[in-house]
Every structure is written in C-alpha cells, then in structure tokens.
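Make the complex out of the two chains shown on their own, each in a separate frame, by following the hints.
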Amino acid sequence: MKHFTFFGGKGGTGKTSCAASYALSLAARGVRTLVVSTDPAHSLADAFDKPIGFQTVPLCPNLWGLEIDAEVEAKKYMKSIQDKMLDLVSAAIVDEIKRQIEIAYMSPGAEEAAIFDKFIELMESVGRDYDAIVFDTAPTGHTLRLLTLPEILGAWIEHLIEKRRKAMDLMKMAARYDKPLAERIANDPIILTLTARKDKFALARKYLTDREASVFYFVLNPEKLPILETARAVELLSKHGIAVGGVVVNKVIPPDAGPFLEKKRLSQEGYLQEIRSRFSPMTIIELPMLDDDIQGMVQLQRISALMGGLDS
Amino acid sequence: MNKFLKALRTGWEFFVLFHQGTFVDKNMAVVRKEAFDINDNLMLLLFGDYLGIPNPMSYYMLELLPYVADELEPWERRIQNRKFIIAEKAAQYDFD
Chain A
1 MKHFTFFGGK
11 GGTGKTSCAA
21 SYALSLAARG
31 VRTLVVSTDP
41 AHSLADAFDK
51 PIGFQTVPLC
61 PNLWGLEIDA
71 EVEAKKYMKS
81 IQDKMLDLVS
91 AAIVDEIKRQ
101 IEIAYMSPGA
111 EEAAIFDKFI
121 ELMESVGRDY
131 DAIVFDTAPT
141 GHTLRLLTLP
151 EILGAWIEHL
161 IEKRRKAMDL
171 MKMAARYDKP
181 LAERIANDPI
191 ILTLTARKDK
201 FALARKYLTD
211 REASVFYFVL
221 NPEKLPILET
231 ARAVELLSKH
241 GIAVGGVVVN
251 KVIPPDAGPF
261 LEKKRLSQEG
271 YLQEIRSRFS
281 PMTIIELPML
291 DDDIQGMVQL
301 QRISALMGGL
311 DS
Chain B
1 MNKFLKALRT
11 GWEFFVLFHQ
21 GTFVDKNMAV
31 VRKEAFDIND
41 NLMLLLFGDY
51 LGIPNPMSYY
61 MLELLPYVAD
71 ELEPWERRIQ
81 NRKFIIAEKA
91 AQYDFD
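Here the protein sequences line up with chains A and B, keeping their order. Number 49 in my numbering belongs to position 49 of the first sequence; there are no gaps in the numbering. Number 55 in my numbering belongs to position 55 of the second sequence; there are no gaps in the numbering.
This is chain B alone, in the form it adopts within the complex (with noise of 0.2 Å):
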C-alpha cells in the first residue's frame, strides 16, 4: 500500500511538473520575452542619447544609472545586434 501511495505521489508530482513546463513556462517565457522587449524599448527611451538618440532629459535620467547599470551592456549589444524585427516577433510565437 505504502509503495502504491509513494508510486502515486512521484507520479503526481511528474504530472505537476509537466503541467509547468509543458503549459505555464512556455506560456509565460512568450509573456516575460514581452516584458523584457518593452523593457528594452524603455531603454532606449531612457539612455538612447547613448546611441545617439538625442534625449531632452539624458540628465535626469542619470539618477537611474544606479538601478540599470548591470542591464546597460547587455541592452546595448542586443539593441545594437537587432536585424530582423519580424523575424525576431516570429520566432517569439514559434512561426520560426
């Protein structure tokens, strides 16, 4: 009986597993790749004057350094390797 429960209890725990990664992670990686592209564009909202974007306020933006300044270089390379646009919302719904 105990072996039985035991068997049960991995088995549902697989299930619970599969249900994660088969529904909900995918799911949410199309949802937090969203969040990371608007968080890129706000980027380039906020520090564009970097890519020579002019910027009205480049200098209160400055106050913000502190808080992205581990994103700038990863943002500036991704922003600055972007070249298919459409491929890039393609591949996000898996029409690669």
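So that you can see chain A by itself, here it is in the shape it has in the complex (with noise of 0.2 Å):
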C-alpha cells in the first residue's frame, strides 16, 4: 500500500468505480483511508450510492469520501486575501482590488490552481488524520495537466523571485544612507511570499515522484483508443518522474457471456494480448463485465477484493 494512490483514465472506462473498490479493500483491511475525487464532473457519490460533498463525510469504518469542489475552494482562497487586505490596506483600495480578485478568479486555470491547493492540504495531512490517500481523478488530459503543474509553475516562480531579488538589491544599494527602508527591503512580504508559494509546489513534486509514497495506476477498456491513450499517458508521466504501477483493465467480457457478445469478446482477446504485451512489466488487473451497474456497497465489495490484488 502507498500512501497516495491515483486513478486514472479515459472518460468512461471507470475510473470511479475502481478508486471507489480499491479504497473499500484498503478499509477492509484496517488502513485508514480517504477517497478523493479530483474530477469537477464528480461522481463518487454515485458510486457509493451516498451523498458526499465538498466536506469530508465517513462512508464504512476506515473510509472516508470527499469531493474537491473548485468553486468553494476557491471562495476560501478569495476570502483570506481579503481579510489579509483589510488589515494592511484602506477599506478604499480593497474595494478596487476587489475587481481584480473578480478577473482573476475568472480566469483559466483558477479552478485547477484551487483544486490543486486543496490537493496539498490533503497530501500533508496524511500520517496524521489518514494512512492512504486514493483520489478518482478526472479524465486524462485534465490530471496530466494537474500532476504536472508543479513542475512548470515551479520553474517560472523561480524566476518571479529572482527578477524581485535584482530589484531589492538595488533599492538595497540606494537606501545605503536609510536604515529603516533597508530594514523593510530585507523582509520583502513579496519575496517571502513566492518562496512560501515556490516551497508547496516544490513540496508536492516531492510527493508525487517519491515512488514509495505515490503510485498511478490507469483503468482501461479492451479497445483500441484507451489502449493508445494510455500508453501516451504512462510515458508523459515516467518523462515527469510520476511512478505508474500498472493499469486496471475493465470491462473484459466473460468466456461464458453467449454468443451474442462472442465476436466482440474475441477482437477484445486481441487487445487484452496487445495490452500484456504494451505494459507487461506493471501489474496488469482485468476486471469482467459486470451484468449490473456497479453502484452501492454490495456491488463495490464484488469487485474489491479484486481491485486489492493491485498491492500483491
């Protein structure tokens, strides 16, 4: 078991259900643990068959559920760099930056920069409220992006600090003869707060590509898209450093489902030999069609036990 486990996919392959049953099997065996659904089209709480929200509600002993919601995050966010701005600034000023917070919070990317800030607070509070973290993720292109954030954002904060820098050095030089604006460029608010903004980025990187901490596994159908989609993903994730332990395979139409579904179950043979061959040293799981919708405890409990032989 690690810490984080990740899910991920093409729409549709069942992603949910699989991060949901895993959770359960990691429950059942004592490991408390949390799934989270990263996905702004959240659909955990239907997997369960109970409502979960943007607060984290417990679903059997040793589970909890919790479904990201952008907006309030982002709301939060919002609301404590107004307060901040209250006790620095004229109530006059705020109002005009209000507009400002108004843009920005409109623009692309807030809502994965708010989902991606709830995501550290969850990653630090492992150990200490929860052993293992599972997280249903959204379809691939959007994790991607989100896991690889950090990265990107961590090398251009870098530069913001180092253009401030130059620019303090040299206030620094002429305010040789100005003991307190000296003092002032010392602790730039600025400077301190890109480096407390550079240090979580830097910090998550540090989860996510600690093997022993995190692992991604994708879920896939035996078909020719999600096969391709997947092998791309796998090696974007492996060039940014992200460990990926194998990949679920669902929906594999059993040998006994009669000859209606025959032609489709021996193209789906073919895949399933091309899927062994593509990420054959990761463990490789394949779930069967199931004859029913997997929703509720008793259906997630049918597939569990499955879904558990990913730590073997």
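These are calculated hints, taken from the structure and not from any lab test. From a predicted model like this one, the values you see are computed outputs, not experimental measurements. Idealized CB from N, CA, C, for every residue including glycine. One or more of the hints may lead you astray.
Unchecked claim - Listed below are the simulated DMTMM-like cross-link pairs for lysine to aspartate or glutamate, each with C-alpha atoms no more than 20 Å apart in a straight line: (1) K200(A) - E63(B); (2) K98(A) - D49(B); (3) K75(A) - E112(A); (4) K251(A) - E235(A); (5) K224(A) - E269(A); (6) K172(A) - D49(B); (7) K33(B) - E124(A); (8) K166(A) - E71(B); (9) K98(A) - E76(B); (10) K166(A) - D37(B); (11) K98(A) - D70(B); (12) K98(A) - D83(A); (13) K163(A) - E76(B); (14) K79(A) - E76(B); (15) K172(A) - E71(B); (16) K33(B) - E162(A); (17) K163(A) - E13(B); (18) K33(B) - E76(B); (19) K89(B) - D49(B); (20) K98(A) - D37(B); (21) K2(A) - E124(A); (22) K75(A) - E63(B); (23) K206(A) - D117(A); (24) K98(A) - D25(B); (25) K79(A) - D69(A); (26) K83(B) - E73(B); (27) K239(A) - D25(B); (28) K198(A) - D129(A); (29) K163(A) - D25(B).
What the hints assert, rightly or not - Reference excerpt, derived from the structure (chain A facing chain B, CB under 10 Å, subset only): (30) A74; (31) Q82; (32) I101; (33) I152; (34) W156; (35) I157; (36) L160; (37) D169; (38) M171; (39) M173; (40) R197.
Quick look at the structure:
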C-alpha cells in the first residue's frame, strides 16, 4: 500500500468504480483511507450511492469520502486574501482591488489551481488523519495537467523571485543611507510569499515523484483508443518522474457471455494481448464486465477483492 | 576661536550635503530608477492579465495583492503611458 494512489484514464472507463472499490479493500484491511474525487464532474457519490460533498464524510469504518469543489475552495482563498488586505491597506483600495480579484477568479486555470491547493492540503494530512488517500482523478488530459503543474509553475515562480531579488538589491544599494527602508527591504513580503508558494510546489512534486509514497494506476477498456491514450499518458508521466504502478483492464467480457457477445469477446482477446505486451512489467488486473451497474457498497465489494490485488 | 569652529562646522556640513547631493544622490537616483524599472517589469509578469496578457498562474498571484495594492494603480497608469522606451532610458543617463 502506498500513501497516495491515483486512478486515471479515459472518460467512461470506470475510474471511479476502481478507485472506490480499491479504497474499500484498503479500509477492509484496517487502513484509514480517504477517497477523494478531483474530477470537476464528480461521480464518487453515485458509486457509493451515498451523499458526498466538499466536506469529508465517513462512508464506512476506516473509510472517508470527499469531492473537491473548486468553487468553494476558490471562494475560501479569496476570502483569506481579502481579510489580509483589510489589515494592510485602506478600505477604499480594497474595493478597487475586489475588481481585480474577480478577473482572476474568471481566468482560465483558476479552477485547476484551486483544486491543486486542496490537493496539497490533503497530501499534507497523510499520517495524521489518514494512512492512505485514493484519488479518483478527472479524465487523462485534465489530470496530466494537474500533476505536471508543480514542475512548470516551480520554474516560473523561481524566475519571479530572481527578478524581485534583483530589484531589491538595487533598492538596497540606493537605500544605503536609509536604515528603516533597508530593513523593510530585507523582509520583503513579496519574496516571502513567492518563496512559500514555491516551497508548496516543491513539496507536491516531492510527494508525487516519490516512488515509495505515490503510485498511479490507469483504468482502460480492451479497445483501441483507450490503449493508445494510456500508452501516451504512461510515457508522459514517467517523463515527469511519476511512477505508474499498473493498469486495470475493466469491462472484460467473460467467456460464458453467450453468442451475442462472442465476436466482441474475440476482438477484446486481441486487445488484451496487446495490453499485456505493451504494459507487461507493470501489474495488470482484469475486471470482468458485470451484468449490472456498479453502484452501492454491495456491488463495490464484489470487485474490491480483485482490486486488492494491486498491492500484491 | 569658538566662532571659527562654528564656521568650520557649518562649512563641513555644507560640504557633506553638497557631496551627497552632487555625487551620491544623483548616482543613487539612477540606481533607484533602475530598481523601479525592474519592479515595473516584475509587476507586468505578476499582474499582466489586468492589461490583457495571459498569466499561467494569475490565481496564485492574488496572494501578493495585499502587498502591492497601493502600487497597482500608479503602475497601471505608468505602464499604459509608456511611449518611447528609448527616450526613457536616455533620460535616465542624462541624454535627453
């Protein structure tokens, strides 16, 4: 068992069912587990057939659930900034600044950033409140962006700090005869804030690239497009230093399915061969196609024994 | 004698201030201008989205707002009124 387990893959392949049943198998083994959905279109509550929201709710012994709500997180963040602002600047300027905050709120990437913040916060809580966190992520593209965010933004923020430091050095030179100003420059809040942000990114990156702490599993169906997409995603993640532990092949038609599905089953056979050869050193788990939707605890328990095989 | 000392001190103070004003402050003004310029450019990287330049992390830049709120409006005015950057630079080195 790793501290952080991610389930990703193409939309509709069964990420949520896999994440939920894997979390159930952990909880059954006595591991305090939190299952989190980072997909803006949540379906975790549907899988468990229980209401889950932006606040952590207990689902069964040793298992808690959470659906990250980007809007709520963003509002919390804005509120904290406005409160801080009231301490530092006059109320008239605060009003003016509110407009700017609105702009940033609407900007592309704000939602991602808000989810990412919550994401880091959760990762820091491991060991204290939970032993393991299972992430049910959004479809591949969104998740890859989310996971590679810290690396890209880390470099950008480094550059900003460098620039500010250069300006401050010059200011310091100019303020050689002005003691109070020199002191204020030494504790520049902008450098401090940027550095804190950089450290946060570095921490997230440390967790994500630590092979002992995090692992990523792809869920796919035995079809052409999911295989191609998964192969590309695996390549990209390993380029960014994130370990891919294996793939879960979902909706495999069982041999006794009957004549109607026989042709489909034969084509799946071919794709299964391809999956085995493409992803062979990694763990590969096959889940059978079920005759019913996977919904509710009882159904999840049916596949959770199979999902527990990811750890062996 | 006392009178002479007093005159000497006044003369010295005058000399110090003259030196400050002529050499130190004038040079330091150049340095300070350079620092402000770098800072203005930095602000452009931080809050470029207010001027229509997309910023990959404008959301995270919001937490800097409390510290630069006072500078923001004059900066916006300065940066929008920039017409001749070469002339600006030349003025900085007394070439105007």
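Evaluated hints:
Distance check on the hinted pair: K200(A) and E63(B) sit about 14 Å apart at the alpha-carbon level, within 20 Å; holds. With a C-alpha separation of about 15 Å, the suggested pairing of K98(A) with D49(B) holds against the 20 Å cut-off. Simply put, K75(A) and E112(A) have alpha-carbon atoms about 14 Å apart, close enough for the 20 Å limit, and the pair holds. This hinted pair does not check out: K251(A) and E235(A) have alpha carbons roughly 24 Å apart, beyond 20 Å.
About 12 Å separates the Cα atoms of K224(A) and E269(A), which keeps this hinted pair within 20 Å; it holds. Distance check on the hinted pair: K172(A) and D49(B) sit about 29 Å apart at the alpha-carbon level, beyond 20 Å; violated. Distance check on the hinted pair: K33(B) and E124(A) sit about 43 Å apart at the alpha-carbon level, beyond 20 Å; violated. For the given pair, K166(A) sits about 18 Å from E71(B) by alpha-carbon distance, which is consistent with the 20 Å threshold.
Taken as a hint, the K98(A) and E76(B) pair is honoured in the structure, with Cα atoms around 16 Å apart against an allowance of 20 Å. Restraint check: the Cα-Cα separation between K166(A) and D37(B) comes to about 11 Å, which is no more than 20 Å; the hinted pair holds. A distance of roughly 13 Å separates the Cα atoms of K98(A) and D70(B); the hinted pair therefore holds under the 20 Å criterion. A C-alpha spacing of about 12 Å is found between K98(A) and D83(A), which places the hinted pair at or below 20 Å, so the restraint holds.
Distance restraint check for K163(A) and E76(B): the Cα-Cα separation of roughly 19 Å lies within the 20 Å cut-off, and the hinted pair is therefore satisfied. For the given pair, K79(A) sits about 24 Å from E76(B) by alpha-carbon distance, which is inconsistent with the 20 Å threshold. Between the alpha carbons of K172(A) and E71(B) the distance comes to roughly 19 Å, so the proposed pair stays at or under 20 Å and holds. With a C-alpha separation of about 18 Å, the suggested pairing of K33(B) with E162(A) holds against the 20 Å cut-off.
Of the pairs offered as hints, the one joining K163(A) and E13(B) is violated, with about 38 Å between alpha carbons and a cut-off of 20 Å exceeded. At most 20 Å may separate the alpha-carbon atoms for a hinted pair to count; K33(B) and E76(B) meet this at roughly 17 Å. Taking the CA atoms of K89(B) and D49(B), the gap is about 25 Å. The hint is violated against a cut of 20 Å. Annotation: proposed proximity of K98(A) to D37(B) is violated, straight-line Cα distance about 26 Å (limit 20 Å).
Distance restraint check for K2(A) and E124(A): the Cα-Cα separation of roughly 14 Å lies within the 20 Å cut-off, and the hinted pair is therefore satisfied. A C-alpha spacing of about 13 Å is found between K75(A) and E63(B), which places the hinted pair at or below 20 Å, so the restraint holds. A hinted pair counts as satisfied when its Cα atoms are at most 20 Å apart, and K206(A) with D117(A) qualifies at roughly 15 Å. Restraint check for K98(A) and D25(B): the C-alpha separation of about 38 Å exceeds 20 Å, so the hint is violated.
A distance of roughly 16 Å separates the Cα atoms of K79(A) and D69(A); the hinted pair therefore holds under the 20 Å criterion. With a CA separation close to 18 Å, the supplied pair K83(B) and E73(B) stays within the 20 Å bound. Under the criterion of a C-alpha separation no larger than 20 Å, the hint pairing K239(A) with D25(B) is inconsistent with the structure, at around 53 Å. About 25 Å separates the Cα atoms of K198(A) and D129(A), which puts this hinted pair outside 20 Å; it is violated.
Annotation: proposed proximity of K163(A) to D25(B) is violated, straight-line Cα distance about 24 Å (limit 20 Å). The closest approach between the C-beta of A74(A) and any C-beta of chain B is roughly 8 Å, which is under the 10 Å cut-off, so the hint is satisfied. Taking 10 Å as the C-beta cut-off, the interface hint given for Q82(A) holds, the closest approach to chain B being about 9 Å. A hinted interface residue such as I101(A) counts as satisfied when its beta carbon comes closer than 10 Å to some beta carbon of chain B; here the least separation is about 6 Å, so the hint holds.
At about 7 Å, the closest approach between the beta carbon of I152(A) and any beta carbon in chain B falls short of 10 Å, and the interface hint on this residue holds. At a threshold of 10 Å, the smallest CB-CB gap from W156(A) to chain B is about 6 Å, leaving the interface hint in force. Interface hint at I157(A): satisfied, since its Cβ lies 8 Å from the closest Cβ of chain B, which is below the 10 Å cut-off. Among the interface hints, the one on L160(A) holds; its C-beta lies about 6 Å from the nearest C-beta in chain B, closer than the 10 Å criterion.
The criterion of a C-beta within 10 Å of any C-beta in chain B is met by D169(A), whose closest approach is roughly 8 Å, and the hint holds. A cut of 10 Å between beta carbons decides the hint on M171(A): the least distance to chain B is about 5 Å, and the hint holds. Taken as an interface hint, M173(A) checks out: its beta carbon lies about 5 Å from the nearest beta carbon of chain B, inside 10 Å. Checking R197(A) against chain B by beta carbon gives a least distance of about 6 Å; that is within 10 Å, so the hint holds.
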